[in-house]
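Q: Chain by chain, the residues run as shown.
2 protein chains.
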Amino acid sequence: MKLYTYFRSSAAYRVRIALHLKGLAYDAVPVHLLRDGGEQRAPAYREVNPAGLVPALVDNGIVLTQSLAIIEYLEEVHPMAPLLPQDAVGRARVRALAQTIACDTHPLMNLRVLKHLKGPMGLSEEQKMDWYFHWMGEGMRALEAHLERDGDSGRFCYGDTPTIADCCLVPQVYNAQRFDIDLAPYPNVARIAANCADLPAFKAAHPSAQPDTE
Amino acid sequence: MKLYTYFRSSAAYRVRIALHLKGLAYDAVPVHLLRDGGEQRAPAYREVNPAGLVPALVDNGIVLTQSLAIIEYLEEVHPMAPLLPQDAVGRARVRALAQTIACDTHPLMNLRVLKHLKGPMGLSEEQKMDWYFHWMGEGMRALEAHLERDGDSGRFCYGDTPTIADCCLVPQVYNAQRFDIDLAPYPNVARIAANCADLPAFKAAHPSAQPDTE
Numbered sequence: 010m011k012l013y014t015y016f017r018s019s020a021a022y023r024v025r026i027a028l029h030l031k032g033l034a035y036d037a038v039p040v041h042l043l044r045d046g047g048e049q050r051a052p053a054y055r056e057v058n059p060a061g062l063v064p065a066l067v068d069n070g071i072v073l074t075q076s077l078a079i080i081e082y083l084e085e086v087h088p089m090a091p092l093l094p095q096d097a098v099g100r101a102r103v104r105a106l107a108q109t110i111a112c113d114t115h116p117l118m119n120l121r122v123l124k125h126l127k128g129p130m131g132l133s134e135e136q137k138m139d140w141y142f143h144w145m146g147e148g149m150r151a152l153e154a155h156l157e158r159d160g161d162s163g164r165f166c167y168g169d170t171p172t173i174a175d176c177c178l179v180p181q182v183y184n185a186q187r188f189d190i191d192l193a194p195y196p197n198v199a200r201i202a203a204n205c206a207d208l209p210a211f212k213a214a215h216p217s218a219q220p221d222t223e
Numbered sequence: 010m011k012l013y014t015y016f017r018s019s020a021a022y023r024v025r026i027a028l029h030l031k032g033l034a035y036d037a038v039p040v041h042l043l044r045d046g047g048e049q050r051a052p053a054y055r056e057v058n059p060a061g062l063v064p065a066l067v068d069n070g071i072v073l074t075q076s077l078a079i080i081e082y083l084e085e086v087h088p089m090a091p092l093l094p095q096d097a098v099g100r101a102r103v104r105a106l107a108q109t110i111a112c113d114t115h116p117l118m119n120l121r122v123l124k125h126l127k128g129p130m131g132l133s134e135e136q137k138m139d140w141y142f143h144w145m146g147e148g149m150r151a152l153e154a155h156l157e158r159d160g161d162s163g164r165f166c167y168g169d170t171p172t173i174a175d176c177c178l179v180p181q182v183y184n185a186q187r188f189d190i191d192l193a194p195y196p197n198v199a200r201i202a203a204n205c206a207d208l209p210a211f212k213a214a215h216p217s218a219q220p221d222t223e
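Here the protein sequences line up with chains A and C, keeping their order.
For the first sequence, position 115 (counting from the first letter as 1) is numbered 124 according to my numbering, and the numbering increases by one without interruption.
For the second sequence, position 54 (counting from the first letter as 1) is numbered 63 according to my numbering, and the numbering increases by one without interruption.
Mixed in with the good hints there might be a few duds.
Put simply, identical chains are the same to the list, so a pair is met inside one copy or across any two.
Within a straight-line C-alpha distance of at most 20 angstroms, the following computed DMTMM-like cross-link-like pairs (lysine to aspartate or glutamate) qualify [said to hold, decoys possible]: (1) 124 with 68; (2) 212 with 153; (3) 137 with 161; (4) 127 with 139; (5) 11 with 159; (6) 212 with 36; (7) 212 with 85; (8) 137 with 159; (9) 11 with 135; (10) 31 with 68; (11) 127 with 36; (12) 137 with 45; (13) 124 with 56; (14) 127 with 169; (15) 137 with 169; (16) 127 with 191; (17) 124 with 139; (18) 31 with 45; (19) 11 with 157.
If you are wondering where the hints come from, they were derived from the structure by calculation, not from laboratory data.
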């Protein structure tokens, strides 16, 4: 398998975690999101992923895109080290936590959005960061409230083994920590992130441990 | 089953389409996103969904959230009228199309984001609409490019029966049409939306046919 990735991309980071949790070998193909106006927007990469976004996974010559779709594919094709619970309600809960991050939170603060706020929208650095902190807070509060209310979490988001929800939580917490956001109001999130950080798979997938790390 | 819904919410609209495609009966519980500062943000609804977002589905007393997680749950518990292909690659393709809308496009233009742009961010109506059109365009281009390149579409996004991808495409096209966005540059998207519009399930789920339609 070949993974088009960027060391700091949250979406690529999610897929790297899933690959390492399942013990699947892959070749990393770095796509630099900042160099030359963004290699992901260049025609060569658009042939891989016409949306011009990372990650993309190539398996048996077939290109797959979208981090959660890729992880569900890995789960179906390589069911060992399952990243979803066995029962439908548990699976729905895990997917909902993952989507709280991947649909409601991260899309509002990824690189292309932040660049659009400062470029075409003409906002100041301060306004851009206000935006960032606002949506990070909304997302973290929603995640924490679900973890607290649903009562499914153990060492990880759902029980005591990592799931797709943890594959999403950890990159989001990494982003929060890059900007020194205090995690004290989100004790379940902080606890789970710390438990994940102890595992070799999460260490291997970390932005600081990639071939394209700067 | 009980669905907390708002007639114009794209995410609720997706779930309504899935319920109708599967022929599942449900009670609609309207949550008015604009009344009294948003009923979805009130304590009563936060007890249902702590994230303060619609939709939420209650099945056998269990509350499920996030539109795509809810639809995957319905697919697992009620497999008739399947909304995903049988093979892993097909499933990944359908999920990726769904997420192109649900992760990359719609989160940037939903009600809470548009309100935040005009309120706390202090942008003008014109700037807000520039933002809306920009991300709608990005999303539609990505969707069209995938439909064109991947070659999986037939009458619908993937083959000749509706899938989760169509549950997402139709509400996004509804949004585009509300703002008179020309669909001519997106012929596959326009063709599929028209084919969906002919089906009773899509008609029943339409914002114009809900108990809370205004």
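Q: Check each numbered hint from earlier against the structure, then list the numbers of those it violates in ascending order.
A: Hints 1, 2, 3, 7, 8, 9, 11, 12, 13, 14, 15, 16, 18, 19 are the ones this structure does not satisfy, whereas the remaining hints hold.
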